[in-house]
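Enquirer: Generate coordinates for the entire structure from the input sequences, incorporating the hints supplied.
The listed protein sequences correspond, in order, to chains A and B.
In terms of this note's numbering, the first sequence has 94 at position 94, counting the first letter as 1, and numbering is strictly consecutive.
In terms of this note's numbering, the second sequence has 111 at position 111, counting the first letter as 1, and numbering is strictly consecutive.
A hint or two may mislead.
[What the hints assert, rightly or not] The following residues of chain B were derived to be distant from chain A, with all beta-carbon distances above 10 Å: (1) N1; (2) K14; (3) I15; (4) S18; (5) G51; (6) A52; (7) I54; (8) N65; (9) R77; (10) T113.
[As the list claims (entries may be wrong)] Covered by chain A, according to a simulated footprint, are these stretches of chain B (three or more residues, beta-carbon under 8 Å): (11) 38 to 46; (12) 94 to 108.
Think of the hints as simulated: they come from the structure by calculation, not from any bench.
All residues carry an ideal CB built from backbone N, CA and C; glycine is no exception.
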Amino acid sequence: GIQVEQSPPDLILQEGANSTLRCNFSDSVNNLQWFHQNPWGQLINLFYIPSGTKQNGRLSATTVATERYSLLYISSSQTTDSGVYFCAVAGEDSSYKLIFGSGTRLLVRP
Amino acid sequence: NAGVTQTPKFRILKIGQSMTLQCTQDMNHNYMYWYRQDPGMGLKLIYYSVGAGITDKGEVPNGYNVSRSTTEDFPLRLELAAPSQTSVYFCASSDRRRLAQGEQFFGPGTRLTVL
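Expert: Right, dumping it as structure tokens:
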């Protein structure tokens, strides 16, 4: 099956700093999503981005499908950005069956 | 709308016991999913359903069973609980239009410990 690797595994930032999270995947996909899991365990959809670039406020994401990676950018980080960021993909044979990476744990310090 | 609700929130089981994790959604979504999240890991798909009466295996189905008799409910059954099933279980739902935009609605999770 498709392998999903995220880096870095852990990240500590000072409030106001910028960061880039990376997701590499091993095969062609037709579904790629970024999720945020807050410290209370709640999962929130951030982006659906199988290709191209999207922006939502301080967050943006870019997927280069031909090179099998996606990047999540967080600008001017805030303490509320803390949590775990997951990348999840689905192969071309089953766009509804998501395979999750192990996540990047982000801590933003005030 | 209450969204996706899961019960119980927490449960401790003894090895060999069985239980059913409940999941209900009130958004008339056809697609429903069960995931498990082990400590420090991402979610893994256990089972999913694309409509009432239709279920299919995900990545890690062994040790679990599901049924989908109604659109609203998608219970997950654990038979003969094992310590390896200690995890947080998330239920999610969506419909075709929202799935096409990559949107799933997640429940709050059930934290299960098997001792």
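Enquirer: Now, for every hint given, state plainly whether the structure supports it.
Expert: Structure-based check of each hint:
1. The claim that B/N1 is not at the interface with chain A holds, since no C-beta of that chain comes within 10 Å of its own (minimum 16 Å).
2. With a least beta-carbon separation of about 25 Å from chain A, B/K14 lies farther than 10 Å from that chain, consistent with its non-interface assignment.
3. The claim that B/I15 lies off the interface holds: its Cβ sits roughly 25 Å from the closest Cβ of chain A, which is beyond the 10 Å cut-off.
4. With 10 Å as the threshold on Cβ separation, the claim that B/S18 sits away from chain A holds: the shortest Cβ distance comes to roughly 25 Å.
5. B/G51, annotated as away from the interface, keeps every beta carbon of chain A farther than 10 Å; the closest lies near 12 Å.
6. In this structure B/A52 is separated from chain A by more than 10 Å, as the shortest Cβ-Cβ distance comes to about 16 Å.
7. The non-interface label for B/I54 is consistent with chain A: the shortest C-beta to C-beta separation is roughly 12 Å, beyond 10 Å.
8. Chain A leaves B/N65 outside its interface by the beta-carbon criterion, the shortest separation being 18 Å against a cut-off of 10 Å.
9. Residue-level check passed: B/R77 sits 20 Å from the nearest beta carbon of chain A, beyond 10 Å.
10. Remark: the non-interface label on B/T113 is consistent with the geometry, its nearest Cβ contact in chain A lying 15 Å away (cut-off 10 Å).
11. Three residues within the 8 Å Cβ limit are the bar, and the region 38 to 46 of chain B against chain A gives 6, so the coverage statement holds.
12. Counting residues of the region 94 to 108 of chain B whose C-beta sits closer than 8 Å to any C-beta of chain A gives 7, which meets the bar of three, so the coverage hint holds.
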